[in-house]
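Since chain A is already given, all that's left is putting chain B on it; use the hints.
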Amino acid sequence: MTDKKIGNLEAIALVLTVVVNHVFLNLPKNIIASASSASIINVLFISIIAVLIGYFVCKLLEKFPRLDILDIANFLGGKWLKMLTGALFLGYFLFTVSIVLRSFSEGLKIVFFPRSPIAAIMILFLLTIVITNKIGHQAIIRSNLFMMPIFLFSILFIFFANIENFTIQRMLPVLGNGAFTTFFSGLSNLFAFGGFAYLYLLPPYLKDDKGLKKITFASIITSGICLLFSVATLLFLSPNSAITEEISPLYLASRNIQFGRFFQRLDAIFLLFWIISLTAYLSISFSFATRVFQKMLNFEYTKWYTGLFALFVFALALIPENMYRLIFIEGTVYQYVVLIVVFGISLTLLILANIKYALLEKKKGAVLIDKAPV
Amino acid sequence: MLLQFGFDVGDTERIKVTFQFTMPNSSGENNAGETAPSVIDSVEAACIESAVNLINTFVSKEVNLSHCKVIVFSEEMAKQGISKEIYSLMNKVEVRPDTNIIISTTTAEEYIRSVKPSLENLVAKFYEILPRSSEYTGYTSDIHLIDFFNKLESMSEEPIAILR
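Same order as they appear, the protein sequences are chains A and B. Numbering-wise (our numbering), the first sequence opens with residue 1 and increments by one. Numbering-wise (our numbering), the second sequence opens with residue 1 and increments by one.
With the rest of the complex left out, here is chain A (with noise of 0.2 Å):
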């Protein structure tokens, strides 16, 4: 059993991974879209919210050590409730994977493979994605958090080679639409923080029980500057009108790199290994989605359901028409589903299940739950 447990550090790449893809597809253009010129104002004030939801998660938790989102469901609900949030979860990760795997193929079609069919493109991915499910999670995790520090040295890479192309001006006027804009409806980019999910699931794996703490502000605070360095970057680069293409700003920006004759055209180079980092991404949330179904339907295996979860995420991310529809669902669509079951659903689970312990506490003394599911 040890040695499914996870290391912090591992944890943290896990939940990194989450901000890492999104900012190599369309997370950066979609907060300049809303906040226009006070983007870095708005990504300090949505990372310092995220890190104040970030303590008040692991306050929640405190009381349910080693238990999921689902056991504390199971707690609070029972059966029925448990089976709910295991489908809400399921459906949360299973449309992420198929939007992100639609989006990612598109923007290779667009540069490398104009007349190759989408669905070829995206049929690689997913054969990975299910041989790196039937070798293990654990493969996956140690994966990711061996090439994480790559994915995140190609973000910053590409902000200070681009520096000498920046226009520093284009931050203002500082607040942007306005402060409202800025700090009220630009609250809704909390999205960003999708990773939050990974949180709620991975306390049973964790090898240090009181480790979450620690997971939870380093992971947050990476992805807030690796953020702040994306959204930067493109503010910095292009006026607006550039930054709203089909194709992934960051690669747009990467375009842009060149050290005198010889080292022209890395964009290529970043595209490998944004295309290894997508594929850890999916496969973590795939590993993630089936172990949510084992778990809400008390199956002992994985394995054997992984190619049919694959068939349906094919299909899933086949049914946007054409590229319009996938920027639409992506954009918004994703955005109100993070915000829906990653901060709104399952903090209301946790605060409710966090009274019904306090009630149960003061009525019979202390509770103990310390049924270790993993």
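The hints are simulated quantities; they were obtained by calculation from the structure and are not laboratory data. There's no promise every hint is true.
Some chain A residues near chain B, calculated using beta-carbon distances under 7 Å [unchecked claim]: (1) I110; (2) V111; (3) P239; (4) R255; (5) N256.
Cβ coordinates follow ideal geometry from the N, Cα and C atoms, glycine included.
Relative to chain A, chain B alone:
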């Protein structure tokens, strides 16, 4: 391989686009010491997309703009305004942001036909090195498409290009 293309005001359509390609295998060993031959073709169309589509119908290979080094605009065209073309070029993934922008005092077609590199066999290399002479001479400047576009969008700067 497409080396450069130029925009002129069209006679029958809005723009006339002139493309310069190198001949396949022109940099092989047999041609050592000789200037690599190139092919120059012009089409008239309403926009750059239509021009590329049109040229694709009568050249045997699909035109790919990703190796394009220089984009030339005639002075007449530049005076009329080239923002539409610049936006279209910026939206094309194939076109690199570091492609040089040149304004020619003659027509773009004439400029492209008259360029005969004397100290360089490879035309592609010539176009790559030429704007970089700004590093050791003050008579020219190294203006890229992305700089031109950024200045076109800026409220405080005017776009400039190399005049030849």
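Going through the hints against the structure:
Taking 7 Å as the C-beta contact cut-off toward chain B, the hint placing A:I110 at the interface holds, the least distance being around 6 Å. Taking 7 Å as the C-beta contact cut-off toward chain B, the hint placing A:V111 at the interface holds, the least distance being around 6 Å. With a least beta-carbon distance of about 4 Å to chain B, the hint placing A:P239 at the interface is held under the 7 Å criterion. Interface hint status for A:R255: upheld, as the beta-carbon distance to the closest one in chain B is roughly 6 Å, under 7 Å.
For A:N256, the interface hint holds, the least distance from its beta-carbon to any beta-carbon of chain B being 5 Å, beneath 7 Å.
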